[in-house]
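Trainee: Here is how the chains run, residue by residue.
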Amino acid sequence: MTLSSRRPASRLATPVPAENGSNGQRNSVVLGPNDRLVGELYIEGDLRVAGTVEGNLEATGDIEIAGAGKVNGDVTAYNRLTVGSDASLIAGDVRVARLTVADGAKFSGKVSMGKVAVEPSKPAEPEPVLVEATPVAKPVPVKPVSVKTEPVKPVPVKAVPVKPAAAKPAAVKPFEQKGKRR
Amino acid sequence: MDVQEAVTEGTASVDNGEVKRDGRKQFSMGPSDILEGKLIYDGSVHADGRVEGEVRVSGNIDVASGANVKALLEGANVTLKGQVEGMVTARDKLTLGKNARLSGDIQVRRLQIDDGATLNGHVRMGDFEQQASGQ
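Chains as they are written, first to last, in the working numbering: chain A, 555 to 736; chain B, 29 to 163.
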């Protein structure tokens, strides 16, 4: 459902890195003409959509809906949103700092512009948390010892963003087992 | 609000700001002009200076970059380069220039927003004629 399983809990306090890609370049996601996203996407970087999106998009950089791209959902771009001449954006809320709409584009929604309008956007979206919780089944048999001591924090060096979340659900697991025994 | 009302056939008296362009009438305002009230006009309007109230025209509306408009605007093609506060209806196309600042809901058939323009409001696009006929 969600391409990005990692979402900062407090986005306002999170500095927007100019470069956060693995190779030191600015992060960028491209959805091609045949690509389709149903769900929600948060990305620290830029997003280019030439395919179809049904759901909400949020990017700390630019969002471009290009070609015959279609987006049906709320859009938040901390910097610029560009809607191409053949593109379509049918939104509930559009929160952007800068906006460019080409003649011919389909565009509708409630537009809020300016930095003030963008920063207070904090709709409660617990979905990504659910995504992190689901893979708990795997780590439990691997590290049952970590439940008591919880030394999990130094582990995420392996760049697996899901692991920190495994600490809490792992602690929950034994309680569930006790319940079953009863 | 109803300080001044100019209706189609009576606008000949406003020969001060009226010019012919391509055979169509155009009501043209200067930077120091003030229009308060309701203007219904069979032609195009070039708005500058200060406008408050309501402007409905059969032709186009062009708001100059230095203009300060707090009014309902309705025209075929509406081009905004200045500051506008109020609902805007473009039966064909609405263009927001790079220095345009629009605060209000808009209803359009086509929309172009240049980089640098500011918009705060609800955008409705598409089946404009059906909605207009219902009014």
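Please note that a few of the clues may not be correct.
Below, in silico cross-link-like pairs of lysine-lysine (DSS-like), each with a Cα-Cα straight-line distance of 25 Å or less [claimed, not checked]:
#1 Lys126(B) - Lys664(A)
#2 Lys664(A) - Lys53(B)
#3 Lys121(B) - Lys624(A)
#4 Lys121(B) - Lys660(A)
#5 Lys121(B) - Lys664(A)
It is worth saying that the hints were derived from the structure and are not from the lab.
Trainee: Please verify whether Lys121(B) and Lys660(A) have alpha carbons no more than 25 Å apart.
Mentor: Distance of about 12 Å is within 25 Å: holds.
Trainee: Given the hint that Lys121(B) pairs with Lys664(A), test it: the Cα-Cα distance must not exceed 25 Å.
Mentor: Satisfied, since the Cα-Cα distance of roughly 18 Å is no more than 25 Å.
Trainee: So if I understand the rule, the pair passes when the alpha-carbon distance is 25 Å or less; does Lys121(B) with Lys624(A) pass?
Mentor: This hinted pair holds, its Cα atoms lying about 21 Å apart.
Trainee: When you check the alpha-carbon spacing of Lys126(B) and Lys664(A), does it fall within 25 Å?
Mentor: 20 Å, holds
Trainee: For the pair supplied as a hint, Lys664(A) and Lys53(B), confirm whether the alpha-carbon distance does not exceed 25 Å.
Mentor: 35 Å, violated
When held up to the earlier numbered hints, the structure conflicts with hint 2 and nothing else.
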